[in-house]
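Trainee: Sequence:
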Amino acid sequence: MDYKIIALILVTILFIYQIINKYFIFTAVSRPIPENVRDVYDITTYQKWAEYTSEKTQHKIYQELVSYAVFMLLIIFNVFAFVEKIVVDNVYAKAIIVWIFFELVNFIVDIGFEYFDTMKIESKYGFNKTSNKTFIADQIKNLILSLGIMIGLLSAFIGLYLWLGDFILLAFSLLLFLFVLGIFFLMPLLAKIFNKFTPLPEGQLRTKLEELLTKNGYKVNEIKVMDGSRRSSKANAYFSGLGKTKNIVLYDTILELMTEEEIVAVFAHELGHGKNKDILKGYLFSLLQIFIIIFISWLIISRVIFIQDFAFEKLNYGFAFILILNVVIPFINMITLPIANSFSRKREYKADMFARKEGYQEALISGLKKLSRNNYACLNPHPFTICMSYTHPPLSQRIAALEKEM
Numbered sequence: 000m001d002y003k004i005i006a007l008i009l010v011t012i013l014f015i016y017q018i019i020n021k022y023f024i025f026t027a028v029s030r031p032i033p034e035n036v037r038d039v040y041d042i043t044t045y046q047k048w049a050e051y052t053s054e055k056t057q058h059k060i061y062q063e064l065v066s067y068a069v070f071m072l073l074i075i076f077n078v079f080a081f082v083e084k085i086v087v088d089n090v091y092a093k094a095i096i097v098w099i100f101f102e103l104v105n106f107i108v109d110i111g112f113e114y115f116d117t118m119k120i121e122s123k124y125g126f127n128k129t130s131n132k133t134f135i136a137d138q139i140k141n142l143i144l145s146l147g148i149m150i151g152l153l154s155a156f157i158g159l160y161l162w163l164g165d166f167i168l169l170a171f172s173l174l175l176f177l178f179v180l181g182i183f184f185l186m187p188l189l190a191k192i193f194n195k196f197t198p199l200p201e202g203q204l205r206t207k208l209e210e211l212l213t214k215n216g217y218k219v220n221e222i223k224v225m226d227g228s229r230r231s232s233k234a235n236a237y238f239s240g241l242g243k244t245k246n247i248v249l250y251d252t253i254l255e256l257m258t259e260e261e262i263v264a265v266f267a268h269e270l271g272h273g274k275n276k277d278i279l280k281g282y283l284f285s286l287l288q289i290f291i292i293i294f295i296s297w298l299i300i301s302r303v304i305f306i307q308d309f310a311f312e313k314l315n316y317g318f319a320f321i322l323i324l325n326v327v328i329p330f331i332n333m334i335t336l337p338i339a340n341s342f343s344r345k346r347e348y349k350a351d352m353f354a355r356k357e358g359y360q361e362a363l364i365s366g367l368k369k370l371s372r373n374n375y376a377c378l379n380p381h382p383f384t385i386c387m388s389y390t391h392p393p394l395s396q397r398i399a400a401l402e403k404e405m
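If you read the sequence shown in numbering that gives the first Met the number 0, its first letter stands for residue 0, the second for the next number, and so on.
Heads up, a few of these hints could be off.
Calculated lysine-lysine pairs in the DSS-like style (CA-CA distance at most 30 Å, straight line) [to be verified]:
1. Lys-84 <-> Lys-3
2. Lys-313 <-> Lys-356
3. Lys-345 <-> Lys-245
4. Lys-274 <-> Lys-84
5. Lys-313 <-> Lys-345
6. Lys-218 <-> Lys-356
7. Lys-119 <-> Lys-214
8. Lys-207 <-> Lys-123
9. Lys-84 <-> Lys-191
10. Lys-59 <-> Lys-128
11. Lys-3 <-> Lys-21
12. Lys-207 <-> Lys-218
13. Lys-207 <-> Lys-140
14. Lys-207 <-> Lys-59
15. Lys-84 <-> Lys-59
16. Lys-128 <-> Lys-245
17. Lys-207 <-> Lys-132
18. Lys-223 <-> Lys-313
19. Lys-280 <-> Lys-368
20. Lys-368 <-> Lys-119
21. Lys-274 <-> Lys-313
22. Lys-313 <-> Lys-369
23. Lys-47 <-> Lys-123
24. Lys-276 <-> Lys-356
25. Lys-218 <-> Lys-128
26. Lys-223 <-> Lys-195
27. Lys-369 <-> Lys-403
28. Lys-276 <-> Lys-345
29. Lys-55 <-> Lys-274
30. Lys-84 <-> Lys-119
31. Lys-280 <-> Lys-214
32. Lys-128 <-> Lys-55
33. Lys-21 <-> Lys-140
34. Lys-55 <-> Lys-369
Source of the hints: derived by calculation from the structure; they are not laboratory data.
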């Protein structure tokens, strides 16, 4: 059994899947618009949306193609095994240098595409507010954060595996359990690396939101406004943190886009997620994913012989992580995503129903239409795209559910 050939086949299957997905996104522009969302775009705006979707999708296809070609070449020509030889014979150093090399290659490959997507396409259609300085700073911050987290996890995994052997399943699961829990608690703090957050000012809107929280016996640490307009004109709102770090965050763009009643309706939707404990459910699902990842990692790493097919003399944990995170896990996700996305869409419906129960049915519908118009949402995505990519139901289906008689 040649593990390199298996890896190349899996990478190719993943690439074909991505292209098929992009194809269905591309063809969505020709699908008829459902009756209940025909008022979202006028003719001119719809044509602009179609052009935007086509251009974005084509660009993503080019990016997928280049990324696929680069990764295939790195595997075929055993580049990772060559890179390993430039450092001393130390299991940590060899693993870390291979991972850093991989991250830097991805950074170099992606940054040009990301720049064109943000500074050209998004600017062309009036979304981008990011300056060159902010774009570069964001990319560097992301790279440093990613390297720091992954090198830390990689080093911890190596140390635990060398110390505990097959007991790594239990030990590393516990470590990642604490890590993910920490991320959920620290998310509000980590978000401050990229954006500024200020308390929602006192006034009628804040009073309405606080009354809604009090009515439902729900406490949050703060209602915050994020300076999303510094990067994009797109609007959003979300729940962040656990326990005493729970925040509800409103983009500043949403405050400009919607009426007070619509903002309260969107807030009620987010509150519905909190009342339904969706963040906690997401955390528990993440733990299940983590255990599966660790189990697969153990299966792969315990078969040390596989590394020889990639021209390594000894097991390189960094390369094993590359295969696991970029080949094995995406392949498993491709199979399990329909189930995960289905559960996510059900949670969104339940949050919508909570807002309706609070009396914000019409305000939520009009608010969602504004969000869709402002964010250039697809109004009639292909069922394949919904199944594989949509964590939220399409707008027409959300409206139909909201208008359905109780």
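Trainee: Would the pair Lys-207 and Lys-59 pass a check requiring their Cα atoms to be no farther apart than 30 Å?
Mentor: It is violated: about 42 Å lies between the C-alpha atoms, which goes past 30 Å.
Trainee: Against the 30 Å threshold, does the CA-CA distance of Lys-313 and Lys-356 hold or violate the hint?
Mentor: violated (61 Å)
Trainee: Assess, step by step, whether the Cα of Lys-119 is no farther than 30 Å from the Cα of Lys-214, and give holds or violated.
Mentor: Between Lys-119 and Lys-214 the Cα gap is close to 46 Å, so the pair fails against 30 Å, i.e. violated.
Trainee: Check whether the Cα positions of Lys-207 and Lys-132 lie no farther apart than 30 Å.
Mentor: violated (38 Å)
Trainee: Would the hint linking Lys-128 and Lys-245 be met if the CA-CA limit is 30 Å?
Mentor: Judged against 30 Å, a Cα distance of about 28 Å means the pair holds.
Trainee: Run the distance test for Lys-218 versus Lys-356: straight-line Cα separation, threshold 30 Å.
Mentor: With a Cα-Cα distance of about 19 Å, the restraint between Lys-218 and Lys-356 holds, given a limit of 30 Å.
Trainee: Taking only the CA atoms, is the gap from Lys-280 to Lys-368 under or equal to 30 Å?
Mentor: Since the Cα atoms of Lys-280 and Lys-368 sit roughly 28 Å apart, the hinted pair holds (cutoff 30 Å).
Trainee: Would you check the hint for Lys-223 and Lys-195, treating anything up to 30 Å between C-alpha atoms as holding?
Mentor: holds (10 Å)
Trainee: Can the restraint linking Lys-274 and Lys-84 be considered satisfied, given a maximum Cα separation of 30 Å?
Mentor: violated (54 Å)
Trainee: What's the verdict on Lys-276 and Lys-356, does the C-alpha distance respect the 30 Å limit or exceed it?
Mentor: Roughly 17 Å between the alpha carbons, so the hint for Lys-276 and Lys-356 holds.
Trainee: Could you grab the alpha-carbon distance between Lys-223 and Lys-313 and see if it respects the 30 Å cut-off?
Mentor: violated (51 Å)
Trainee: Against the 30 Å threshold, does the CA-CA distance of Lys-3 and Lys-21 hold or violate the hint?
Mentor: With Cα atoms ~27 Å apart, Lys-3 and Lys-21 stay inside 30 Å; holds.
The structure is inconsistent with the numbered hints 2, 4, 5, 7, 8, 9, 13, 14, 15, 17, 18, 21, 22, 25, 29, 30, although it conforms to all the rest.
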